[in-house]
Each structure stands twice: as structure tokens, then as C-alpha cells.
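Participant: Turn these sequences into a full structure, and let the hints guide you.
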Amino acid sequence: MNKKGLFNITEFIIFFIFIIIGAMFIVLVGFNYLNEKIETTKLETFILTKKLINSESCLAYKQDNKLQTGVVNLDRLNTNILINCYSKEGLGYVVKIKSLDGKLLKSADNLNELQKTRLPICKTIPKHKCMAREDMILYYDKGEIKTGLIKIEVINFVG
Amino acid sequence: MLGKKGGYELPMILVPAVAIFTLTLIVFGILFFSTNLFKNPDKIIRPAHYGDDSKLITILKSRTEIQENQEKLIIAELISLAYTKPEYKQNLTSELNKLLIKLPKPSKGKDLAEVEVVTPKSVSASLQKANWNIKIKIEDELFLHAGEESIAGSEYFVQKAAIPITNKKIANIILYLDCFSCSGEAIDDIA
Chain A
1 MNKKGLFNIT EFIIFFIFII IGAMFIVLVG FNYLNEKIET TKLETFILTK KLINSESCLA
61 YKQDNKLQTG VVNLDRLNTN ILINCYSKEG LGYVVKIKSL DGKLLKSADN LNELQKTRLP
121 ICKTIPKHKC MAREDMILYY DKGEIKTGLI KIEVINFVG
Chain B
1001 MLGKKGGYEL PMILVPAVAI FTLTLIVFGI LFFSTNLFKN PDKIIRPAHY GDDSKLITIL
1061 KSRTEIQENQ EKLIIAELIS LAYTKPEYKQ NLTSELNKLL IKLPKPSKGK DLAEVEVVTP
1121 KSVSASLQKA NWNIKIKIED ELFLHAGEES IAGSEYFVQK AAIPITNKKI ANIILYLDCF
1181 SCSGEAIDDI A
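Chains A and B, in that order, are what the protein sequence lines are.
Throughout the first sequence, residue numbering follows the numbering used here, covering 1 to 159 in sequence.
Throughout the second sequence, residue numbering follows the numbering used here, covering 1001 to 1191 in sequence.
Treat the hints as calculated values from the structure; they're not laboratory data.
There are no misleading hints in this set.
Once the Cα atoms are required to be at most 20 Å apart in a straight line, the calculated EDC-like pairs of lysine to aspartate or glutamate come out as:
| # | chain 1 | residue 1 | chain 2 | residue 2 |
| --- | --- | --- | --- | --- |
| 1 | A | Lys151 | A | Asp109 |
| 2 | B | Lys1098 | A | Glu134 |
| 3 | A | Lys151 | B | Asp1053 |
Values in this document were obtained by computation on a predicted structure and should not be read as measured data.
Facilitator: Structure representation (C-alpha cells):
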């Protein structure tokens, strides 16, 4: 191999290193993008709240076959209704209805035994996200529609 | 590429060009992977944007203590009544203020300390100054303003509704959270 040939090989090696660095960068960016965790617990809590207070299969009040969206029927707040309304593997929640002065009127949950024990100490449990959301709602109780608050506490396995 | 002597050569200009490109990649790579400088914080829609007008609708449908024909009026009816009978305006203001005080503010829940979002103390403190406000405009004129508004505060979580009132007029109602020195990102984090 002559001098010129050697020079060409060295040049090619340098060029090849640059190509490897470029390719590695593209692979790393792609890998980083594909493995990025997207935080959806907040959005899921919002959707859950909306479903609870607006859906016929959840807590929405029905008067003379007319669905009153945004009005919660206190009589419908129980675990069975919540299970049929919104269930997702790894996600559990507690629903509390309070009067405007903060007095707890009724509560129910869709939590398994493990989630019940984990919810109060959620911050210390790895791979779990917890979220609380409070909204002003109307609720139907004893023949009257009143203004109150709904509080939803969610525990979500994000493994 | 064939050289002058028939052997394979790289054009000399290509080597520094690729070297500069590679160096740029390395610098960008360090910034990209070690810091979050180039990452978009909004991987999904921001909480302040996916809200709806439900808070305002709940307020408008809330029953008040004011009675007309032995029936308790809802806020929407009281707005209409207060427009035609100004003596009810004070009642409307006090009823709205009662509800606005009780309307939950977007803040880190004290009783659920396990909420993952870390809120800087300065942000928490500034949120204490956040207040819900309602403005009622009839024919582009401000008819009523309820709530506490700060000087130079910004409006967040704006919700709007239009309701028909007497004399074929429309009342435009705007609900918003007034907050001074709250940054958009910070308030989104705890929405």
C-alpha cells in the first residue's frame, strides 16, 4: 500500500468516526423519545371527574327521563355504581360530596385493599401517582338541588 | 469519490464540515440529554386549556336565598331580575361573592400531601393572592363585577357564558381567576 493509499484509509477512518457519532446521536434521540414518560394522571383525573358528574351510568341525576348533566344524584353514590362507571387497571379513586360549608355528605370509593392502604401514604410508594381534584357541583338530595363540592382523590400505578 | 490518481479520496472540504457538524451534535447532545433545555414541557395539552365552562354553569344554576313568587331564584334568574330591578343588584353581588369564596382555587391540596407536583414556596404564596372574579356585561357595558381583583393581575381559567335576559337582551358572563405574579407554567402545574 502506498502513502496515498494509507492517507486515504486514515481519512476514511476519521470520516467513519464522524458518521458513527452522528448515527449514535440519532439513535439516542430516538431512544429517548420512545422511552419518554408522559404524565397523564392529571388529565385522567379531569376526565374521570367529568364522566362522574355528566354520565348517566355514573352519578348524573335523571329527572323525568331527562338527564341533568352536572348534577350529582347523592343516592347513586356507591361503590357498585363507581365500578360500573369507570374502572381501569391500576387506577383507584375516592369520591366525596361535601356541602358548600365543607361538611361531608357522602363518600364512596373504587379502591382495592392495597390501594386503600397506599392512598394515605402515596408519596412514599414508588411508581404511583396521586392527584386530588375539587370542583363545585350541583347535587340532588331529598327532592332539592343544592350547590356543593365534589372531591376526587386518585391513586394511579404508573409503573 | 475518485481522486486525481485514480484512488478513492474524500474532498478535503468535507472533513472540516463533518467535524463541525459532529461537534454541534455533541454540544447539542450534552444540552439535550443532561438538561431539559430543548424539551417541550407540554407533552399533553396544558390543564388550563383543557378546562370547560362547567364552573360558571354551576354558579349560574346555583339556587340563592332570594325569593320571587315564593320560589328561590337561581343566579341566572337573579341576573335578569337585577337588570330590570336595580334594588336586587346588591343581593346578586352578595350571592355571587358567597359562591366565589367557596369555589375551589387551583392550589396544592393540604389534605393530600402526597400530590406529586412540587410547588415552589414562592408560587404557593403567590397563589394565596389568587381570587375568582365574575364580570357581567350587558350590551358591551359592565353591569356587575364580583370578587377581588388585584392590580396588574392576570386572568387564568377564563370561562364564558351568555344567557338571555329580559327585553331580548343577552348577558355575557365571564368567570376568571385573577392572580398577580403567577406564571402560566407554575399555575398549570397545580391546576
